[in-house]
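S.K.: Residue strings, one per chain:
Protein chains: 2
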Amino acid sequence: MASPEYAKEGVNAVKRLPKRGAYDYTTIHTLINTSPILHVSFNDPEHPFPVVLPMIGCTGSFADPSSDPNTSVQDIYIHGYVSARIFKTASASAPGDEQKGLPITVSATFLDGLVLSLTPFHNSCNYRSAIAYGYAHLVTNEQERMYAMEKITDNILPGRWENSRVPPTNAEMKSTSILRVKVASASAKVRTGGPSEDRADLKNKELVGKTWTGVVPVWYQWGEPMPGKENGVEEVEGYIEGWRMRENSKGKMGAYDAIKEEK
Amino acid sequence: MASPEYAKEGVNAVKRLPKRGAYDYTTIHTLINTSPILHVSFNDPEHPFPVVLPMIGCTGSFADPSSDPNTSVQDIYIHGYVSARIFKTASASAPGDEQKGLPITVSATFLDGLVLSLTPFHNSCNYRSAIAYGYAHLVTNEQERMYAMEKITDNILPGRWENSRVPPTNAEMKSTSILRVKVASASAKVRTGGPSEDRADLKNKELVGKTWTGVVPVWYQWGEPMPGKENGVEEVEGYIEGWRMRENSKGKMGAYDAIKEEK
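Quick note, the sequences are listed as chains A and B, same order.
Just so we're on the same page, my numbering is the position in the first sequence counted from 1, plus 11.
Just so we're on the same page, my numbering is the position in the second sequence counted from 1, plus 11.
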């Protein structure tokens, strides 16, 4: 079954180099769920600049926890703190939007490689990037908060939730902020392949003969874990090392695969 | 000489966990100049969500090109396209700001490690993140555009400018968009060290005996370069391989150093 798509509208339509655009749930939700860090942006009515904060999060559906992000509508759960003032002033400044929540943008980006051509103008980057626009609420329902905390914890490192001390204490629950973003619109943009060149440059044999062109791939490399001061386990647990190896090999393969696939 | 600092004001003050905040030029400009990707955010008056785009860029000073970013005021030059409509509508909606330019936020983030504690509540990430708020203009002066293009090219890969075909043709110059951001305010936030634990958890010998705690470091790993279809140079040039090795070793060292340094 083909993955459903977000509607292509004014807000999310990829206008520049539209052939690089993607709107399907699989591409967008996978980028959000595999990026170890999300950039979250919203407006503080007290100043003209959007705020951009690195946060962690993933997609989920509290109403239908077993739903498949490849085929189902998802919310985005974000672990992070946004001051109550911003929620309040944002609602106050747009009274009709109070029900809707705080307008928020979630961005997930992977850099896959530096693309080097014969001339700086044609240099580029291979990347995969998703952007989701939606309305955020602070999650107040305790069961939903617990659902999101487990989801976010295991989204980074599968198995960590059940392999550590859970559930959180009441005090811990109280001091954890979780945002739920109802996605209004989303898109992805992907650049793959090698350099494209100017025809005149390719005819310049001296230039071609002395200027290396191609792609330097790049990925997140997870290094050997360093035990903390109070660690009491001699060997790093297998599920951690397994995850680390899988991430490193997926990251490296993804960066090299991106070079082959021209887009 | 101590690095000068950005004034701590309402906009940029790190309010949450202020001990992690930094305001000095060295920390902030270095983060912007070493991050291979920047997240740039601004408002499109046509919809309520800030736009967030991954772009490349670096600091610079066209007025004083030899100025040291550790000690001198810097602009941020961004290679990227922002629709003329947004520049126009942004100015129109805030007529007094027309001179100031488009309010824009530039964010640079390094993830340095996943911090694993005995309980999910105390899990964290080591990271370094800079955020700069300023006013953007499209650079129209051709000399300044050339200055910025060289700066941005060599900021990613030192030496690439002079080792490839320059200067750009007129057509290339015309279709390159460069933004100059006059920085109004900026700050950085840095989390280092290992996990912190709950005292009750540390007393739980069974938990401590079975739950590995510590940090899994992470960095950008640049892999072996892949030649493009039209590459005519057998061996990757030395300045490229030198850069790649330096980046990999700096990245790895940075991630491990972050663990040692408690903040």
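Among the hints, a few may not be true.
Since the list gives no way to pick one copy over another, a pair counts as held whenever it fits inside one copy or between any two copies.
[To be verified] Mimicking DSSO-like on lysine-lysine, the simulated pairs with C-alpha atoms at most 30 Å apart in a straight line are:
#1 Lys271 to Lys19
#2 Lys26 to Lys111
#3 Lys111 to Lys240
#4 Lys30 to Lys221
#5 Lys271 to Lys216
#6 Lys240 to Lys221
#7 Lys271 to Lys30
#8 Lys99 to Lys111
#9 Lys214 to Lys271
#10 Lys99 to Lys263
#11 Lys193 to Lys263
#12 Lys19 to Lys111
Derived by calculation from the structure, the hints in this document are not laboratory data.
S.K.: For each hint, tell me whether it holds in the structure or not.
M.R.: Status of each hint after checking the structure:
| no. | hint | in the structure |
| --- | --- | --- |
| 1 | Lys271 to Lys19 | within (28 Å within a copy, 47 Å between copies) |
| 2 | Lys26 to Lys111 | both (27 Å within a copy, 27 Å between copies) |
| 3 | Lys111 to Lys240 | neither (45 Å within a copy, 50 Å between copies) |
| 4 | Lys30 to Lys221 | neither (32 Å within a copy, 50 Å between copies) |
| 5 | Lys271 to Lys216 | within (25 Å within a copy, 51 Å between copies) |
| 6 | Lys240 to Lys221 | between (52 Å within a copy, 15 Å between copies) |
| 7 | Lys271 to Lys30 | within (17 Å within a copy, 46 Å between copies) |
| 8 | Lys99 to Lys111 | both (12 Å within a copy, 28 Å between copies) |
| 9 | Lys214 to Lys271 | within (24 Å within a copy, 53 Å between copies) |
| 10 | Lys99 to Lys263 | neither (44 Å within a copy, 42 Å between copies) |
| 11 | Lys193 to Lys263 | neither (33 Å within a copy, 37 Å between copies) |
| 12 | Lys19 to Lys111 | within (21 Å within a copy, 33 Å between copies) |
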